[in-house]
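The chain contents come next:
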Amino acid sequence: MAVITIREALNQALREELQRDKNVFLMGEEVAAYQGAYKVTKGLLEEFGPKRVIDTPITELGFAGLGVGAAMVGLRPIVEFMTWNFSILATDQIINSAAKMLYMSGGQFKIPMVFRGPGGSAFQVSSQHSQALESWYAYFPGLKVVMPSTPADAKGLLKSAIRDDDPVIFIEQERMYGQKGEVPDDEDFLIPLGVADVKRAGTDATIVARSLMVPLALKAAEELEKQGVSCEVIDPRTIRPLDIGTIIKSVKKTNRVVVAEESHPFCGVAGEISAEINERAFDYLDAPVRRVSGADVPMPYAKNLENLAIPGVEQIIAAVREVAYL
Amino acid sequence: MSRQTPNSASSSEAKGRAAAAVIEAEPPASEASVEARKAEQKARIKGLDRETLIELYYQMLLVRRFEEKSAESYSMGKIGGFCHLYIGQEAVAIGAISVIRRDDYVLTSYREHAHALAKGMTADSVMAELYGKATGCSKGKGGSMHMFDKRVGFLGGHAIVGGQIPLATGVAFASKYQGTDQVTLCFFGEAAVNQGAFHESLNMAQLWKLPCIYICENNQYGMGTSLERAMSLKDISLKARAYELAGEIVDGMDVLAVREATERAVARARKESLPTLLEVRTYRFMGHSMSDPGNYRTRAEIEHHQERDPLKLFFATLVETETASEKELADLDKRVREEVAQSVRFADESPEPDPAELYTDIYANPLVSSEAVY
Ligand SMILES: Cc1ncc(C[n+]2csc(CCOP(=O)(O)OP(=O)(O)O)c2C)c(N)n1
Ligand SMILES: [Mg+2]
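Sequence order for the protein chains is A and B. The opening residue of the first sequence carries number 1116 in our numbering; numbering runs sequentially from there. The opening residue of the second sequence carries number 177 in our numbering; numbering runs sequentially from there.
Chain A with its partners taken away, still in its complex shape:
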């Protein structure tokens, strides 16, 4: 097993899947000649040529829709958004075309494609360039939503997403591209969509965390261990389909839950997970499910304000202590 960054893991996944299937192609702004705005697509133009690695104009609605059309007749597009913030211009094609095509055609037209790029909070880029949109996309039947938190997950999940026959929203965390971890070398290393991962086993409280919150939850768990609280950290890895079974199993063991996320709390994924737990395991709860979410404000620029808007280790620790009545 090699130790590589999330950026390199994603790059490997793209390369391997482009090699594996000639129907796979990659398009987006600056993905080819510039080597990717975040260098995730580095070297791919050189290896696969301009037919399969395509620089687009700045035309998100246009190329998202073009990808959906190409998928209708047999190609497997990977559409990169320079960041997910810009996908907002393409939501009509993602939601009204990609998500619904199979259904409204009575099962005739599947859309095997991946929309991917960095999302969530970035470093001091203020309101329009720093936001978490997963709850938007997870809302829609027909879409799958994936958010990896480690290099191995990033690689295994992206390969699965590309081989999947449904439209997949693949949200990489802008701050996490440089994070390192072990990744299996196997060319067919896949992680199935819809399967959560227990990142740390524990007995006293469950922390459900995704994306940027996973490393923070693990740090919180380490700290809490010293305080005598054993935490189980679960990363759903895919938001839709959501592996609620793994979460419920943990809740039945620990009886206490904190759901951490960097997105806004209102109508968010943590609220959804909380509702599922209430419906499926209310009798096992010793305390109300507690959410730790990003501040309910547009992202500010100033460093101190930005820090306040994104949940940190301290907040997760405080929430766990609260549900543990400590």
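Take the hints with a grain of salt, since some may be wrong.
As the list claims (entries may be wrong) - Listed next, the in silico PhoX-like pairs over lysine-lysine satisfying Cα-Cα at most 25 Å (straight line):
#1 B:K385 x B:K352
#2 A:K1166 x A:K1225
#3 B:K385 x A:K1137
#4 A:K1166 x B:K385
#5 A:K1225 x B:K326
#6 B:K352 x A:K1166
#7 A:K1166 x B:K447
#8 B:K352 x A:K1137
#9 A:K1314 x A:K1367
#10 B:K488 x B:K503
#11 B:K352 x B:K326
#12 A:K1225 x B:K352
#13 A:K1137 x A:K1157
#14 B:K326 x A:K1137
Derived by calculation from the structure, the hints in this document are not laboratory data.
Following the hints, complete the assembly by docking chain B with the ligands onto the known chain A.
Frame of chain A; chain B with the ligands shown alone:
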């Protein structure tokens, strides 16, 4: 034009500038006299065999009768939701689709019954879809605005104005990528031209040389808003130039004119892999949808256009050139009416979708874990 720009009353200089900016367009084809049109169509008929001509007339008639029947069924409550009829515009879909192959692709808007029939879908499957039945082309899940049939290359039926334009561009992209010589026809209304999707698509299509033919069905209205009130540069064909596409104005009341223009565009797409924008000038005789009271245009205006009814024109041409007798065409009408009546019986008698269908066709790949939920 009686409307004035806001500052034109106070500043004659501003008025002058505005006038200079207006691009001189050809007179719309609809201004030509009925006699002139007949003469043009008769000239176009030369070289076309009788079988093709009768088939074109049959198709237009099928659409006309099908739509009349749809209106009737809608009024009876058999068809729900929105229902946008194509009466008046038949020459466009029929003429254009008549020159492509079965393995070519067609995408259009919600006003798509005609395109579906022209591409080879049966009246039965289209009517059953309108009736929301399991035997409909989309299994009753799409309805009037979302018809699909993969076998004949009919890729929908899209209900977001302009939404099909990037999709069609992608279908054409795929044909080029796969190295086939298939072409894609993309139909849309003139109001869709104001959407970003139109401009984004034309730019990419010419940039990447995609075999897509963009067919703007300019019926002069987007719901109740006339083109006059919604578009600054009113000559749509000129917009092709902004993206270096070939562009053409076509008389949309003459099925043979539409055919010829589409033939040129298809040749360009198939042989040179180049896109084209056709602005086809037409008119819808009915309301925007079945629920449209239509008080934004006068009776006289509608009647003026009805004199140019594409079916009447073609009927006269066929008879006057002795391609077919009145009797033959009347017999054909009888057969068409029977075909449509049969589709209504089929739709009526077909079962509703099984309730279990509510939860099918959402994902192509099933869940890997029984513990997971969508
Ligand atoms: C994005 C969007 N906005 C508004 C509507 C509502 N709407 C449906 S059809 C229509 C008019 C479209 O006119 P045009 O494109 O000229 O096509 P036509 O109906 O004349 O065939 C409008 C406003 C819609 N379906 N989609
Ligand atoms: Mg119109």
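Please write out, lowest number first, the hints stated earlier that are contradicted by the structure.
none
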